[in-house]
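Chains L, B, U and R, in that order, are what the protein sequence lines are. Counted the way UniProt numbering counts, the first sequence spans residues 1 to 218. Counted the way UniProt numbering counts, the second sequence spans residues 1 to 218. Counted the way UniProt numbering counts, the third sequence spans residues 1 to 218. Counted the way UniProt numbering counts, the fourth sequence spans residues 1 to 218.
Keep in mind the hints are simulated off the structure, nothing from the lab. Note that this is a predicted model, so its numbers are computed, not measured. It cannot be assumed that every hint is accurate.
Unchecked claim - Counterexamples of contact, computed for chain L against chain B with all Cβ distances above 10 angstroms:
(1) Thr-3
(2) Arg-7
(3) Gly-33
(4) Gly-38
(5) Gln-45
(6) Phe-117
(7) Ala-124
(8) Leu-129
(9) Gln-132
(10) Gly-183
(11) Ser-186
(12) Met-187
(13) Ala-190
(14) Arg-201
(15) Arg-207
As the list claims (entries may be wrong) - Stretches of chain B that chain U covers, calculated by requiring three or more beta carbons in the stretch to come under 8 angstroms of a beta carbon on chain U:
(16) 98-107
(17) 182-196
Ideal Cβ placement from N, Cα and C applies to all residues, glycine included.
Single-letter residue listing:
Number of protein chains: 4
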Amino acid sequence: MGTPLPRILLTGFDPFAGEAVNPSWEAVRALHGRRIGGHRVAALQLPTEFAASLRLLRSAVREVAPTILLGVGQAGGRAQLSIERLAINLQDARIPDNAGAQPIDEPVIADAPAAYFSTLPIKAMLAALRAQGVPAEISNSAGTYVCNHIAYAMLHLASRRPGARAGFIHIPFLPAQAAHHPGAPSMTQAEVVRGLEIALRTAATTRRDRRLGAGTLD
Amino acid sequence: MGTPLPRILLTGFDPFAGEAVNPSWEAVRALHGRRIGGHRVAALQLPTEFAASLRLLRSAVREVAPTILLGVGQAGGRAQLSIERLAINLQDARIPDNAGAQPIDEPVIADAPAAYFSTLPIKAMLAALRAQGVPAEISNSAGTYVCNHIAYAMLHLASRRPGARAGFIHIPFLPAQAAHHPGAPSMTQAEVVRGLEIALRTAATTRRDRRLGAGTLD
Amino acid sequence: MGTPLPRILLTGFDPFAGEAVNPSWEAVRALHGRRIGGHRVAALQLPTEFAASLRLLRSAVREVAPTILLGVGQAGGRAQLSIERLAINLQDARIPDNAGAQPIDEPVIADAPAAYFSTLPIKAMLAALRAQGVPAEISNSAGTYVCNHIAYAMLHLASRRPGARAGFIHIPFLPAQAAHHPGAPSMTQAEVVRGLEIALRTAATTRRDRRLGAGTLD
Amino acid sequence: MGTPLPRILLTGFDPFAGEAVNPSWEAVRALHGRRIGGHRVAALQLPTEFAASLRLLRSAVREVAPTILLGVGQAGGRAQLSIERLAINLQDARIPDNAGAQPIDEPVIADAPAAYFSTLPIKAMLAALRAQGVPAEISNSAGTYVCNHIAYAMLHLASRRPGARAGFIHIPFLPAQAAHHPGAPSMTQAEVVRGLEIALRTAATTRRDRRLGAGTLD
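Next comes chain L alone, as it looks inside the complex:
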């Protein structure tokens, strides 16, 4: 009997802001149980709620004991897979979450650092995605809503688990969602799933990130 594979904890969210579907969960659940880069994927749906999502994440991290944590979230209006460079210790909710909470300028975790940089190899992931024809970019802000909240919490939890690394990717609307948002970009579920596989395989097999410029002037 072999050694069990190391685990990837891959999370998506339930729908929010009036949408019927959340593309992050649709993509993430398609990868549940898959073997990628020598790891086994465990997919988890989180509620778009500040408090409950954090509780659920904590218990899943204890249970799954992942070496890689990747959060995925919907960014309506963005056009490409958007690899977050960092997450910040801040909640500033433009709209109430799915439980009705709307925190303003509160920390995700009290007495924790202002920010964490992603510990996944974001430049190598960017290069692999582009090389395989998947539109991708580096983002310097995951916002101030539940996505950033979970991105921050993942990085915080990973920082306390030896060998664990974490990161976050924002994804566009699905075409069927964009059909209700005039002018909004979209990406199909198949394209997102393919992109997440490439990103995870690169993360799993790259220990040291590439030196590749992807900065912004402002």
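Please build the complex by placing chains B, U and R on the supplied structure of chain L, with the hints as guidance.
Below, chains B, U and R alone, put in the same frame as chain L:
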């Protein structure tokens, strides 16, 4: 032996502006020979050249004798299927065309009207696309390059053929193209083909357009 | 006693869409009575209403007998002085006008051409504005609301008056308006007034437009 | 003889990226020596160079001993005064700086925190600006170039000086710059100066920030 089906002349362009592929031709050729809404589709590739594209279009119109003319062109940076409301009698080329010509403020066709409105049912097409989950919008400008040139020429030629109707749809980059254009939206070929089928079926079966607001303040 | 100067009819609109002010009227009225390029400016406020604005424009054209007609309108979201290349014979109102009318796909003037190109020297105006440090651009669509309506009507009326020329310029929000629209660009009244003077002086003194590329691919 | 006023150290940059002027220095120098909110303003021009700007900032902080540090920088493409919420410990230069250096994924200051939040009352500043008609917004990223570099360094230095607070504001192009960037937003120097005065007065007189939502979903 039955009556031959009425024809749809469906055109796409060859690559330009340094791209290796033009998504309009990729989508259009996938529909060649297809029966849609009681019509038979004839797909035609046009060069991204002001002069040659017009000559080729004229001869194809004579040969195919279409009742529906639909031009399709790449609009890098747009996010949705973009149904053009009109085309204008103007060439103002920001970059040289594939033959090196760069006309500035010259007419497409001398002594012809300043513009033609699309004679396809653009609002019905918009509604059908959205209802079937394909992101789509009405556009009030097809630009001033070869796409508008062909859109105008199609509408001009159709205006002289009893029973013929014409229109133009701009489409986003393919994902593999957008992978080289940071931040640019994209749409898969399959999604575009599905959208063109819906648009053509609606055009073929709708004689009178819907009254549906799709205006812009400016 | 000298010959009276030829006239410029310069129009702005009253506030709409919930704004307290319309920057077009604020700029236009500052130029009333001014002598520019050998012409005398007559400023006129039009209501943001399809029907009434057209009636008022017709009577002002009869009374003022202008040789130059320039309409100015607010384009919330645009960042620069936006010189319209053409206007189209279409009303498609995204919101009701100030009289509650919301026409969809109706002509501005029945049995008139689909569009008119501006008869002012738009490229020379663009070059003069940029040379004097005023941000400006050529636009290929004046939209489908009351601005395009008046732009079209001006071009239609000018086409029937020997020697008369017409055009339209869209302008950004004032800073005080943009302060209520997160992320929206603005331009100060002084900057807009300065730009309109340059544009009008250029129009008054240029009989033949410059050949200057200002096209868009789509 | 009275007690000398507490000091504000206000910095702008020299031109970069081919521009002839940097609006940040034009605005900042207009405020040199001014008394605002019981403080005296000392304006300082920094070079758009990673290494030299940091050296110059350090020595100026020692010399001026400011209680408020506000950095100002050009953000070509942004439309409003953009109050930065945080700065990150990262250099990722899209273009070389004015000394030819182009660091990629290096820290601003080794062994320092990943990020600092602004210690100026950014929400109160936002509210004051909007209330007085100056277009303003909160930004969650100061980029990864020299602006973020100085913003981070200011926050780092202020964190070590009891009573000192720091922040950063990005500003749009001047109109004369935007005239060379088709479609780019701009703000006049007078408007920026007025905005900086309001921001500094609010910072100087507000000890505890307002609780005011200004978040983004992503």
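Closest CB of chain B to the CB of L:Met-187 still more than 10 angstroms away: Given that some Cβ of chain B is not farther than 10 angstroms from that of L:Met-187, nearest at about 7 angstroms, it is violated.
L:Gln-132 clear of chain B by more than 10 angstroms, beta carbon to beta carbon? Answer for L:Gln-132: violated, closest chain B Cβ roughly 8 angstroms.
Okay, the region 182-196 of chain B and chain U, do three or more residues pass the C-beta test at under 8 angstroms? The restraint on the region 182-196 of chain B is violated, since only 0 of its residues have a Cβ under 8 angstroms from chain U and three are required.
The output says L:Arg-201 does not contact chain B. Does that hold with a beta carbon cutoff of 10 angstroms? Given that every Cβ of chain B is farther than 10 angstroms from that of L:Arg-201, nearest at about 17 angstroms, it holds.
For L:Gln-45, which was marked as not at the interface, is the minimum beta-carbon distance to chain B over 10 angstroms? holds (22 angstroms)
Checking C-beta pairs, does the region 98-107 of chain B have three or more residues closer than 8 angstroms to chain U? holds (count 3)
L:Arg-207: least C-beta distance to chain B exceeds 10 angstroms? holds (25 angstroms)
Distal placement of L:Ser-186 relative to chain B, Cβ over 10 angstroms: violated (5 angstroms)
At 10 angstroms, judged by beta carbons, does L:Leu-129 keep clear of chain B as stated? violated (7 angstroms)
Against chain B, does L:Ala-190 keep a CB gap of more than 10 angstroms to every residue? Contrary to the label, L:Ala-190 does not stay out of reach of chain B, its closest Cβ about 8 angstroms off (not over 10 angstroms).
L:Arg-7 non-interfacial with respect to chain B [C-beta, more than 10 angstroms]: holds (29 angstroms)
Exclusion check [L:Gly-183 not at the chain B interface, CB over 10 angstroms]: Per Cβ check, L:Gly-183 is inside 10 angstroms of chain B; nearest 6 angstroms; violated.
In summary, the numbered hints that this structure violates are 8, 9, 10, 11, 12, 13, 17.
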